[in-house]
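Asker: Chain residues, written in single-letter form:
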Amino acid sequence: MMTGVDWESVIGLEIHAQLATKSKIFSGAATAYGAPPNAQASLIDLAYPGVLPVLNAEAVRMAVKFGLAINARISRRSIFARKNYFYPDLPKGYQISQYELPIVSGGAVDIVLEDGSVKRIDVTRAHLEEDAGKSLHEGLAGLTGVDLNRAGTPLIEIVSEPAMRSAREAVAYLKKIHTLVRYLNICDGNMQEGSFRCDANVSVRPRGSDQLGTRAEIKNLNSFRFVEKAINYELARQIELLEGGGQVLQETRLYDADRGETRSMRSKEQANDYRYFPDPDLLPVELDEAYIDSVSASLPELPDQKAQRLRQDYGLSAYDAGVLTSSAELADYYETVIERAADFPGVAISPKLAANTVIGELAGLLNRDGVDISASRVAPAALAKLLARVADDTISGKLAKDVLEAMWEQGKDPDAIIEERGWRQITDESAIEAAIDAVVAANPSQLAQYRSGKDKLFGFFVGQAMKATQGKANPARLNELLKKKLSG
Amino acid sequence: MTDLHDKGVAELSAALQARQLSSVELTQALLERVQRHQGHLNAFISISDEAALAEAARADAQLRSGTAGPLTGVPIAHKDIFCTRGQKTTCGSRMLANFISPYDATVVERLRAAGVVMLGKTNMDEFAMGSSNENSFFGPVRNPWDAARVPGGSSGGSAAAVAARLTPAATATDTGGSIRQPAALCGVTGLKPTYGRVSRFGMIAFASSLDQAGLITRSAEDAALLLTAMAGFDERDSTSVELPVPDYSGALALTLKGLKIGLLKEFFDTGLDAQIEQHIRAALELLRSQGAHIRDVSLPNLPLSVPTYYVVAPAECSSNLARFDGVRYGHRCENPRDLLDLYERSRGEGFGAEVKRRIMTGTYVLSAGYYDAFYLKAQRVRQLISNDFERAFREVDVLIGPTTPTTAFELGAKTADPVTMYLNDIYTIGANLAGLPAISLPCGLSQGLPTAMQIIGPHFAEERLLNVAHRYQLETDWHRRAPPGYA
Numbered sequence: 001m002m003t004g005v006d007w008e009s010v011i012g013l014e015i016h017a018q019l020a021t022k023s024k025i026f027s028g029a030a031t032a033y034g035a036p037p038n039a040q041a042s043l044i045d046l047a048y049p050g051v052l053p054v055l056n057a058e059a060v061r062m063a064v065k066f067g068l069a070i071n072a073r074i075s076r077r078s079i080f081a082r083k084n085y086f087y088p089d090l091p092k093g094y095q096i097s098q099y100e101l102p103i104v105s106g107g108a109v110d111i112v113l114e115d116g117s118v119k120r121i122d123v124t125r126a127h128l129e130e131d132a133g134k135s136l137h138e139g140l141a142g143l144t145g146v147d148l149n150r151a152g153t154p155l156i157e158i159v160s161e162p163a164m165r166s167a168r169e170a171v172a173y174l175k176k177i178h179t180l181v182r183y184l185n186i187c188d189g190n191m192q193e194g195s196f197r198c199d200a201n202v203s204v205r206p207r208g209s210d211q212l213g214t215r216a217e218i219k220n221l222n223s224f225r226f227v228e229k230a231i232n233y234e235l236a237r238q239i240e241l242l243e244g245g246g247q248v249l250q251e252t253r254l255y256d257a258d259r260g261e262t263r264s265m266r267s268k269e270q271a272n273d274y275r276y277f278p279d280p281d282l283l284p285v286e287l288d289e290a291y292i293d294s295v296s297a298s299l300p301e302l303p304d305q306k307a308q309r310l311r312q313d314y315g316l317s318a319y320d321a322g323v324l325t326s327s328a329e330l331a332d333y334y335e336t337v338i339e340r341a342a343d344f345p346g347v348a349i350s351p352k353l354a355a356n357t358v359i360g361e362l363a364g365l366l367n368r369d370g371v372d373i374s375a376s377r378v379a380p381a382a383l384a385k386l387l388a389r390v391a392d393d394t395i396s397g398k399l400a401k402d403v404l405e406a407m408w409e410q411g412k413d414p415d416a417i418i419e420e421r422g423w424r425q426i427t428d429e430s431a432i433e434a435a436i437d438a439v440v441a442a443n444p445s446q447l448a449q450y451r452s453g454k455d456k457l458f459g460f461f462v463g464q465a466m467k468a469t470q471g472k473a474n475p476a477r478l479n480e481l482l483k484k485k486l487s488g
Numbered sequence: 001m002t003d004l005h006d007k008g009v010a011e012l013s014a015a016l017q018a019r020q021l022s023s024v025e026l027t028q029a030l031l032e033r034v035q036r037h038q039g040h041l042n043a044f045i046s047i048s049d050e051a052a053l054a055e056a057a058r059a060d061a062q063l064r065s066g067t068a069g070p071l072t073g074v075p076i077a078h079k080d081i082f083c084t085r086g087q088k089t090t091c092g093s094r095m096l097a098n099f100i101s102p103y104d105a106t107v108v109e110r111l112r113a114a115g116v117v118m119l120g121k122t123n124m125d126e127f128a129m130g131s132s133n134e135n136s137f138f139g140p141v142r143n144p145w146d147a148a149r150v151p152g153g154s155s156g157g158s159a160a161a162v163a164a165r166l167t168p169a170a171t172a173t174d175t176g177g178s179i180r181q182p183a184a185l186c187g188v189t190g191l192k193p194t195y196g197r198v199s200r201f202g203m204i205a206f207a208s209s210l211d212q213a214g215l216i217t218r219s220a221e222d223a224a225l226l227l228t229a230m231a232g233f234d235e236r237d238s239t240s241v242e243l244p245v246p247d248y249s250g251a252l253a254l255t256l257k258g259l260k261i262g263l264l265k266e267f268f269d270t271g272l273d274a275q276i277e278q279h280i281r282a283a284l285e286l287l288r289s290q291g292a293h294i295r296d297v298s299l300p301n302l303p304l305s306v307p308t309y310y311v312v313a314p315a316e317c318s319s320n321l322a323r324f325d326g327v328r329y330g331h332r333c334e335n336p337r338d339l340l341d342l343y344e345r346s347r348g349e350g351f352g353a354e355v356k357r358r359i360m361t362g363t364y365v366l367s368a369g370y371y372d373a374f375y376l377k378a379q380r381v382r383q384l385i386s387n388d389f390e391r392a393f394r395e396v397d398v399l400i401g402p403t404t405p406t407t408a409f410e411l412g413a414k415t416a417d418p419v420t421m422y423l424n425d426i427y428t429i430g431a432n433l434a435g436l437p438a439i440s441l442p443c444g445l446s447q448g449l450p451t452a453m454q455i456i457g458p459h460f461a462e463e464r465l466l467n468v469a470h471r472y473q474l475e476t477d478w479h480r481r482a483p484p485g486y487a
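Protein chains in written order, with the working numbering: chain H, 1 to 488; chain S, 1 to 487.
I should point out that these hints are in silico values taken from the structure, not numbers from a laboratory.
Hints are supplied without guarantee of correctness; some may be wrong.
[Stated by the list, open to error] Pulled a few chain S residues facing chain H out of the computed Cβ check, cut under 7 Å:
(1) H40
(2) C83
(3) G86
(4) F201
(5) I261
(6) D341
(7) Y343
Please read these numbers as outputs of a predicted model, since none were measured by experiment.
Ideal Cβ positions, reconstructed from N, Cα and C, are used throughout, including at glycine.
Only chain S is shown next, with the shape it has when bound in the complex (with noise of 0.2 Å):
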């Protein structure tokens, strides 16, 4: 077979099965590319080689045998957050670059369970802060579209290792955004789950009201296959949901007929790049087509969810982060005089700027005579905007409205003022706020860049979301096209 690199999962899948492909020769060929991409994209951290092949070699042997499932021998990447049994974990930070985990995550073992081969583990904003991948250790992520420009983040070396056909999909995870902003800034299609839908166990934790594993993957229909194998109950996270996992795949080519669909008014206020928009109203203009109907719908309180997050996640975060203090495991500074200076030099030289300004953050909005005017507040409105939700999805099926303020930006382009980098979040956050599953795919190319649209659904309603996404993606090939040199 040729061009591989360039094929999805559930092609792939339907190949390794056919035995027209080995898992071999297919991780072979991809670990290649990813070698060949890695000095100007710096998408991985860690790359997996004879691991790979290894786990590669033992799918081909179940596939001959008849014990293969659809993703068996199928090579993905994991972010570089998802813990993994006796390989590098860093989470894209000083604190933890050479930390091996003894166990693996709950989401690395289902799939690994499933028979995925992993390349290795993608690039990150460190402990997943961050919009632009230029908060990591390792070195910022190039956006493959246009090496001037950021991929986004969190997740932005999973969303350039998938756009760059590096490999076929990735693990992400999405705390206010990472998963679908680096996604709609890569020309991909970005899945964040329900809250407790996939579990966070191994997980590491950024803020745990908010963080959800997810995917980065070409289409839909490739999402739905690896989340069929991801998501369910695992007793080892409490706050996973005990709901039965259906089939994804299943109710992918559902008609759009009599789809309600509410357009967010709020998103298409202030700040949206024009161009977007318009490939936004006409992706809806397709769906309507397809006999979706249309309006307006306004969740006044959303506007609110920048701030909101910006209380919540720092609180959270500040805790979290509490655990890397040198002592057990992680980065321990040289000579420590005292506990004091352990702690202090350990935290201050293993955590980056970005880090460090959201636990201190964190800390203050949680200080006695603070909490209730900050961390109080905020736990209210994020209760308002919740609400706000619950009664749109009385009245429509799902929302749509931009992923993104904007296509790409320069790199260094918002590092000098956090708030304007806050903001490219501002369309992405509500969906964490309340807990559900969101989807960005792309929808169009502005300047050689590409141009995202989101769709929000109810709790759990994934199957809604993949299956219009889907119908969308089978009506176009935004989600087909390489960037240049990438084909």
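Only chain H is shown next, with the shape it has when bound in the complex (with noise of 0.2 Å):
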């Protein structure tokens, strides 16, 4: 019985990327994924007698691209492998992958902890490979149906060491890779459609220890929410097994999103031996200075850099900055609301008010009708427009929210539904004080107590005369009037 032990969750994750190329890695046959079953297998998918593969150097590309990103050696000769198992799915009886030699190898990526420090995640190795097909069985009763139209569709598998110490560090992890490979533009990121998927490594041991437990390897999670939830599952399991005096088997386990349990796929003694042996069909991979410097040269502005810039350029927090960046498109969607803010001289447009309602209000109603932010209702240049429309005091910030809302729902200019409304602040004292005036003596018993010295009913008296201007006017100046006015 191992009861009163401070557990320590061992985490490691390999993730599987999809590589964005038209082609397949080692067939001409197009990738796009939703075709109907088999219309994209060539005779090379289809692993039909006599075929050969032939690499699809822009999978190569994609692979250099993200070594380099995380800062990790790219070989100079890398190696196919053969990994040979048995599945329908699996046409030429062995998937072509990497084994002793990867493209890539070492490398790290940075993630912020809750607590806001910086944890640096190594990753082992990433290399290429190829995707397998599909086993259907809906709608085919009794009967497997097969289809290739992933079979061949280039991956880098990722793999991290054992270095997160939970569900949130690995889903923080993950995020980062997310994030990389979508501005790198190597993988379309989309995880219901499995194009980014991963299984975690995950042991317990007594914390402390510098050996590691025995592992279970949960299999093909596709949402950050199922990874997390998966890990936690496991993690209470093998605690509550090993605290029971039981043992954690080193097995194969799905996820069950339904139940939201782990169960047993594959025990070790079950697992294959795939006999691996470098494919003799396909040449080293043989990469020189030249071609890595070129691949370095096309390397985008990475999410960390970006990071950093907007910190310094305006001003923002590490948080916001790390939110913003969090997608090339939201950091591009940002941006741009800054640069339009320029048509509007003479009105200084806060870039934290830009940040906080980009990430804030606008990322709310995208989030709320599952609109990416390429596709916004509210393009920069409106959203700008709308930040101006704040800074000059057409409208209050309250009435800014309200008005983004609007401009979602009906496509308009922040003006013309400003207009339309009549939401245009009132700034003009007179119409202020007359509103004042009509609450101060309509309300002549809390005016009493106030004088007498019950200052928190002052919210009162804002919220009345607010209320009279239907929330248009001016907070300063009907704070300022207020005061003046109840002071008698």
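Reassemble the complex: the two chains are provided individually, in unrelated frames, and hints are given to aid placement.
Answerer: The structure is reproduced here in structure tokens:
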């Protein structure tokens, strides 16, 4: 029995990212998602007798891009190997992968922990391989169908060190890699379609131990939420097992999202002996300095660099910069808003307010309606105009939220909405004073209480006066005039 | 014209170009001959008939319109390991007994583009695994020199068909000697080019790092004509080499003066038939009289080639043949209970004994715990053997030795003991392990059976090999001898 032990979680991820090449890694067939079954399976993908693989140079380029982006070593010579096993969705009876000499090794990414500190997660390796097809069961009573459209789609498998200490860390790392591959334009990151998925190796050990516990591998997790849930379930399962005097078995487990639990798929004893050996049909991949330099020169600004720049240029917090750079599209949107602010000379739009609006109200609307930032119904120029209207006191910051929502719903210009709804802020002192006078006259007892020292009633009068102006009074003016009036 | 069947590619080409002969007439004559001898030789798995005649008619039209090339209208046969569009491609196996290929192998495509007419597909050991052609699902091929004897393998059908004058030439493949050994046992010329010289695309794989497409012909001159059309880089085969293809006919007649020949010492050590040795020594004398210098050369690691080969080749084959699983094409068992049953019975029924033996051997040598001791060690020895050859070619231009230890043996003589059968490839395997070009050519008759010598050259020295072979064939007539009854 091992009760009262302080357990430490040890997690490593194997991430599979489908590379966004037009054609497959070893054939000319298209890789687009969603075609009718087997419409995108060439004779090579079908493993017809006599066919041979030819490496897609674009897949190599993308893998090198990834390696450079995580400061990894790019192998000047890497080798494709065959991983042998039988399965109907694996037409050749082997998967072409890389084993002993992967194209990328080493490297690291930084993640931000909840307490704001930064943790470096080491990447062991990233190798090129081909995806398998899919077995289909739906609508085929008692039969299994095989769809080989996905067979031969290029993947990089990114293997981390067992460096994560909680499900949260694992998710933060996964998100970081997700952000990175999308910045690099090497993967569309679509988890629902399986373009980006991972296996999690999970174990526990008494804190302070330098030995790794026996691990279970949870296969094929395809959402950030599932990754967190599956790992937490598995950690709890292992701890309960160990504390009950049991042992963790080295095995492959599946996460059942409906039941929120993991269950055994196959044990170590049932595991395949993959009989890896170098694929004699493919030459070693040899890369020279000039090639690597050219790929290096093509790298875009990476998320960490971009976040650093946003902090410097716009005085944003680390958190805001981190959220804005979580996708290149979001950061681009933000920067376009800032750029378009120049359309309003003499008006100082706050970059901080812009950031808050983009990652607060706008993100809320995008999420609510499941719309991607690149398809936002409010264009950056329109948002810049809205922010300008706040900055030049045309509307109050409070109403800006409503104007944004109306822009989102109706696709109209902010000025049009402000005019239509009469939301233009009242800055005219006489109009505000008139409203204040009416409120004060209507509430003599509250006035008496206030004057006898009940300061808290100030808020009551603000509320009433705002109500009287349909929220349009300039709050600063209102406060100022009200204070003067109440004090008598 | 008469005796059409006895003419080689070069002669037929000349006659076709001169319009002394039509391709249809020639094809008709050969098809009849193929049919006549099919019953007792069993050299073919399928015969093309109508398709061949249609191709011949097209060739004649080209010959008439002056758009023909040197091979237009020349009939040949393809080993049934090459995929041929719309036609059966069986690889000698029950697994593919009804397989119709949807595409042409590069070799087939190139020869088709050069205008050749395909008479049919020749018999072979199943998946090219064998040295006697007794492993074919379609039954053994008989040696035209003696029907009680084997033609050799795995390209036994191609060799027997060329020897019996059923076709002037046939394509073939060589993984451990599968072109040269049957050529030797049938008294014809067999050329295995350098690994990477001819595309492997569409050639059903046995052992990818060793497989090489080549030719069985009656003379080096004919081989040169066909190789020029077949060879060259193919973007669909990453292991094919991007080097220009010379006109192999161009260098045939070069003098042998100053040629440095190495005599492969290890090949004459043990087990070589005395008559074969005598014939080779006579051949060497002839080459010496043409101005060649001869010296002994030792390749100390060469005797390790058979065990090395029988690790590397099965390892690759065990993986290459995994695609034959009954799921997408090929043999599928009746009423499989479940997936495992589908795999086990489809493969169990579809593959013959020798193929299964090699798949099992290969699976074993790649298994966890055995990989280092077998596969990795074999790869190291393979490198040593390559190094031996490389060292030898710093001293000499070509190496000469026997192709086989004996002349054709009787059917059934070696089927009981696989290792005895494997030892038949003892002289041929080295060139495959090192990826070198080699040619076998007849150099005598021993008790009515052909004997042969083998010439091995450095990488991409096909021109040199064909040159030496051609000069020898200009001075001798062994390559012109037809088996009794087939003249």
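Asker: If a hint holds in the structure, say so; if it does not, say that too.
Answerer: We went through each hint and held it up to the structure:
no., hint, in the structure
1, H40, "violated, 30 Å"
2, C83, "holds, 5 Å"
3, G86, "violated, 14 Å"
4, F201, "holds, 5 Å"
5, I261, "violated, 32 Å"
6, D341, "violated, 13 Å"
7, Y343, "holds, 6 Å"
Of the numbered hints listed earlier, those contradicted by the structure are 1, 3, 5, 6.
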